[in-house]
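Number of protein chains: 2
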Amino acid sequence: MTVNVIFVGSLKESFFAEAVAEYEKRLGAYCKINNILIKDERLSDRPSDAEIATALRKEGERILAAIPPRSYKIAMCVEGKQMKSEDFASLLDTAATSGYSEVSFVIGGSFGLADEVKSACDKRMSISMMTFPHRMMRVILLEQVYRAYNIIGGGKYHK
Amino acid sequence: MTVNVIFVGSLKESFFAEAVAEYEKRLGAYCKINNILIKDERLSDRPSDAEIATALRKEGERILAAIPPRSYKIAMCVEGKQMKSEDFASLLDTAATSGYSEVSFVIGGSFGLADEVKSACDKRMSISMMTFPHRMMRVILLEQVYRAYNIIGGGKYHK
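As given, the protein sequences belong to chains A and B, one line each in that order. Sequential numbering of the first sequence, starting at 1, is according to our numbering. Sequential numbering of the second sequence, starting at 1001, is according to our numbering.
None of these hints come from the bench; they were simulated from the model. Hints are not guaranteed to be accurate.
Taking lysine-lysine and the PhoX-like style, the derived pairs with C-alpha atoms no more than 20 angstroms apart in a straight line are [unchecked claim]:
| # | chain 1 | residue 1 | chain 2 | residue 2 |
| --- | --- | --- | --- | --- |
| 1 | B | Lys1156 | B | Lys1058 |
| 2 | A | Lys12 | B | Lys1118 |
| 3 | B | Lys1058 | A | Lys58 |
| 4 | A | Lys25 | A | Lys123 |
| 5 | B | Lys1025 | B | Lys1084 |
| 6 | B | Lys1081 | B | Lys1039 |
| 7 | B | Lys1123 | B | Lys1025 |
| 8 | B | Lys1081 | A | Lys84 |
| 9 | A | Lys12 | B | Lys1156 |
| 10 | A | Lys84 | B | Lys1084 |
| 11 | A | Lys123 | A | Lys81 |
| 12 | A | Lys84 | A | Lys156 |
| 13 | B | Lys1058 | A | Lys159 |
| 14 | A | Lys84 | A | Lys39 |
| 15 | B | Lys1012 | A | Lys159 |
| 16 | B | Lys1081 | B | Lys1123 |
| 17 | A | Lys39 | A | Lys118 |
| 18 | A | Lys156 | B | Lys1012 |
| 19 | A | Lys58 | A | Lys118 |
| 20 | A | Lys81 | A | Lys118 |
| 21 | B | Lys1025 | B | Lys1039 |
| 22 | B | Lys1084 | B | Lys1058 |
| 23 | A | Lys12 | A | Lys39 |
| 24 | A | Lys81 | B | Lys1058 |
| 25 | B | Lys1012 | A | Lys25 |
| 26 | B | Lys1118 | B | Lys1039 |
| 27 | B | Lys1032 | B | Lys1012 |
| 28 | A | Lys81 | B | Lys1084 |
| 29 | A | Lys58 | A | Lys39 |
| 30 | B | Lys1025 | A | Lys12 |
| 31 | A | Lys84 | A | Lys25 |
| 32 | B | Lys1084 | B | Lys1012 |
A short list of chain A residues far from chain B (calculated; beta carbon distances all over 12 angstroms) [said to hold, decoys possible]:
| # | residue |
| --- | --- |
| 33 | Ser14 |
| 34 | Gly28 |
| 35 | Asp45 |
| 36 | Lys81 |
| 37 | Lys84 |
| 38 | Ser101 |
| 39 | Thr131 |
Cβ atoms here follow ideal geometry from the backbone N, Cα and C, with glycine treated the same way.
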């Protein structure tokens, strides 16, 4: 299985980068992680709604051009479906047994994802009602993917 | 305001420790963070339910002895109430204006928290339906506390 992680803007904090590297290393036993960095739009300090909408649209176009088309696509957004780690593991397992050899997770930037991106995905998934930094979201997502493969494989990481 | 963070077991991963240090530094402008480390019980590789129950009870006794008694106490547990970051900010703000000068967050260890601890708290709060490593939870919690104070102060961190 290949897991594509599509994200907007690079990691500024070294500790998030180290955490991502650690979970990628651990995931090496289960899947191939393919990181796809989407260039983020620069916004002013107090951006207007129109400025934000334009940035989301431009980032969205880049995302849509970059998502591997035959993958099972999951948009990470606060209004998506929340699930337990066990059910997330089932989702990944079902995608694999349904013939998908790739899963793509799409994480937006500071202002989220354009509706066009959400509509183009097979599923919308939420981690929390709370707002997290999008860079922290990469860490949380990879930890959950690692946990999911450990659940599928009957490991003892998930208790 | 003093924010007590009561947690079971120390941080093994350097990147989580660095993330905690960074958010503590940022929070210095808003509150005093008081870390209270509770010694964790050592468990066997495949612990029985009885072994887990005993460990939770012993850790629970230590937690109850360590929680600052006059603080507003929040137990972090998956069955607690989820809320948006804005509502979490209101919760902290309301605690402060209700006369509390301390808030205590209690994060359990690998197997969670004893019921006695949950019952002794004023509120049960959940971040997600998913299971996170308890050490990552410290990072997530501090980021949300930082976000909350930024929301209360009208800052531009939360978008």
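Straight-line Cα separation of Lys12 of chain A and Lys39 of chain A no greater than 20 angstroms?
-> holds, 14 angstroms
Holds or violated: Lys1058 of chain B to Lys159 of chain A, with C-alpha atoms at most 20 angstroms apart | holds, 19 angstroms
Mind checking the alpha carbons of Lys156 of chain A and Lys1012 of chain B for me, to see if they're no more than 20 angstroms apart?
-> holds, 18 angstroms
Restraint check for Lys58 of chain A with Lys39 of chain A, where alpha carbons must lie at most 20 angstroms apart = Within the cut-off at roughly 10 angstroms; holds.
Hinted pair Lys39 of chain A and Lys118 of chain A, Cα distance within 20 angstroms | Holds - the C-alpha atoms of Lys118 of chain A and Lys39 of chain A are around 18 angstroms apart, at most 20 angstroms.
Assess, step by step, whether the Cα of Lys1156 of chain B is no farther than 20 angstroms from the Cα of Lys1058 of chain B, and give holds or violated.
-> violated, 43 angstroms
For the pair we were handed, Lys58 of chain A and Lys118 of chain A, check the Cα-Cα distance against 20 angstroms.
-> holds, 14 angstroms
Run the C-beta distances from Ser101 of chain A to all of chain B and say if the shortest one exceeds 12 angstroms.
-> About 25 angstroms separates Ser101 of chain A from the closest Cβ of chain B, which puts it past 12 angstroms; holds.
Measure nothing beyond the straight line between the CA atoms of Lys1123 of chain B and Lys1025 of chain B; if it is 20 angstroms or shorter, mark the hint as holding.
-> violated, 26 angstroms
Do the alpha carbons of Lys1084 of chain B and Lys1058 of chain B lie within 20 angstroms of each other, as the hint requires?
-> violated, 33 angstroms
Is the hinted pair Lys1012 of chain B and Lys25 of chain A satisfied, with a Cα-Cα distance of at most 20 angstroms?
-> Holds. Lys1012 of chain B to Lys25 of chain A sits at ~17 angstroms (cutoff 20 angstroms).
Minimum Cβ separation between Asp45 of chain A and chain B greater than 12 angstroms?
-> violated, 7 angstroms
In terms of the numbered hints stated before, the structure departs from hints 1, 2, 3, 4, 5, 6, 7, 14, 21, 22, 24, 27, 31, 32, 33, 35, 36, 37, 39, listed from lowest to highest.
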